[in-house]
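Number of protein chains: 2
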Amino acid sequence: MSLLVVGSVAFDAIETPFGKTDKIVGGAASYITLSASYFTKSVNLVAVVGGDFPKADIALMQSKGINTEGLQIKENEKSFFWSGKYRNDMNSRDTLVTELNVLGTFDPLIPDSYQNCEFLMLGNLAPAVQQTVVNRLKKRPKLVVMDTMNFWMDVAWDDLMKTLKLVDVLSINDEEARQLTKEYSLRKAAKKIHEMGPKYVIIKKGEHGALLFGEGKMFAAPALPLEEVFDPTGAGDTFAGGFIGYLAKKNSTNFEDMKQALIYGSTLASFCVEKFGWERLLTLTDKEVQERVQEFVKLTKFEV
Amino acid sequence: MSLLVVGSVAFDAIETPFGKTDKIVGGAASYITLSASYFTKSVNLVAVVGGDFPKADIALMQSKGINTEGLQIKENEKSFFWSGKYRNDMNSRDTLVTELNVLGTFDPLIPDSYQNCEFLMLGNLAPAVQQTVVNRLKKRPKLVVMDTMNFWMDVAWDDLMKTLKLVDVLSINDEEARQLTKEYSLRKAAKKIHEMGPKYVIIKKGEHGALLFGEGKMFAAPALPLEEVFDPTGAGDTFAGGFIGYLAKKNSTNFEDMKQALIYGSTLASFCVEKFGWERLLTLTDKEVQERVQEFVKLTKFEV
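Protein chains in written order, with our numbering: chain A, 111 to 414; chain B, 111 to 414.
Note that these hints are calculated values from the structure, not bench results.
Please note that the accuracy of each hint is not assured.
For identical chains, the list gives no copy identity; a pair is met inside one copy or between any two copies.
To be verified - Listed below are the simulated DSS-like cross-link pairs for lysine-lysine, each with C-alpha atoms no more than 27 Å apart in a straight line: (1) K133 to K397; (2) K165 to K275; (3) K292 to K397; (4) K315 to K292; (5) K327 to K165; (6) K315 to K359; (7) K252 to K411; (8) K369 to K195.
If you're wondering where the values come from, they're calculated on a predicted model, not measured in any experiment.
Chain A extracted, bound-state conformation (with noise of 0.2 Å):
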């Protein structure tokens, strides 16, 4: 089935200890529309660049199978652009620069060809902004999976609430559904979110992988316990990216069919990390990705 995605598309500076990087390719939908072009061929984007976004970029996008007919380009405008330095830990960033651009004035339009897409990605942006697209929707999609930020409910928390209602998964990390709901205890965190809007909650907890909470119900994906983290940039997305593409693929909104999903959105996760911004899942295989897969199933799978 057809999946829509709306985010970021930017550009990056990223330093590790491991090294530093240009301007390079970032922001959520990036990462969200590579990931899921892994599992569907019908991935459309709704983002905003500047001119100076590289064509050739946009022309990679499109040979992956993402169509870009929704990615507007102000031609005398620059791209959104993030800047940050890693910690020793892999675990804590500081971020050096951040500059809105193009995204500070972002109306989401949505191409009449996107209108009946049946799985809707709302990458972290502004609350109102994902709303904005759900209401542009003439017909509801069966899921719609949002993605936000602690930032958000700093500046805009009412509409931040009227989002949360118009969503069926919220993917959000450990610190920031604490943050959102007042309480340590994941478990009633989740509590609290289903009452917000979201039937189903996505908790990411990095190297300690992810909790989904739903229909009473919950499950535990570990992450790949890895050597080496190159560069986390693009993890989350990456992993909501092949959360939704998984479930497009399958068109299925079942809670048995997310548990997979998260296993695989787990596994691009994993990928994503090895090199910097997208680049290892520019080269990423099926087998690559089964064989990962199954290095989750020997990990988690047990006999009692």
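Assemble the complex: chain A is given as a structure, and chain B must be docked to it using the hints.
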């Protein structure tokens, strides 16, 4: 098979956001033996207490099938005492009081009747004392599991390195594994710990579960997400007791059985935190344990 447990038997006074206790039974070996006693009725304790330790609590241990012949009672001295206060997140705590008392001069005497134990659990103690226990056994047990903490890395590094060479399994938390190896990646940390001696490494991650490394394999057991953690004291020792108790019951040192043992250890630990001290463990039934193990199955099982 019979299990020998050495460690502290002590008094704790605990304060959590939910309440506080007077002096209650605490100590690594108290939790380990009680937890193990759910799996095997051949649990042999080596520890030391003062004359202030209630005979009724010793009788309680005996009623659970714990052999206390190796529990030394120093009538004119006082038991080890620890007091701590948990912060609101329950994930960090401040130590208010540590009185070594009898533990300061603990000489771990092994009763003759304990000599043929096939499973040995070295609870957290000075590494030199742990080493003495191994050296005093005429026959090496088929499995030696050791717990330790960051304190010993700071004050008894050389002893710790010597003791590590004598054990099969090291059980340690993630922060301690990183301190011990100077590696942030837990997979790399486990490799370095293998080089220090232990063929198997369990890395405990609290609310994020535990990882088992050995024979070139990895296994991830989640912790059960709980609505409420009432008192985390003893959870790690309860986990270790369940782990080795289950293996002693099965008379196995096999990796597949260790995976099951990790799930049983996590199950017992999930009960431990529901009440103060070891209170919840005292009333635990087989039916409750089996039901909760099934919750772990549901939490982790997926088909791909």
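task: Against the earlier hints, flag every one the structure doesn't satisfy and list their numbers going up.
output: Violated hints: 1, 2, 3, 5, 8; rest satisfied.
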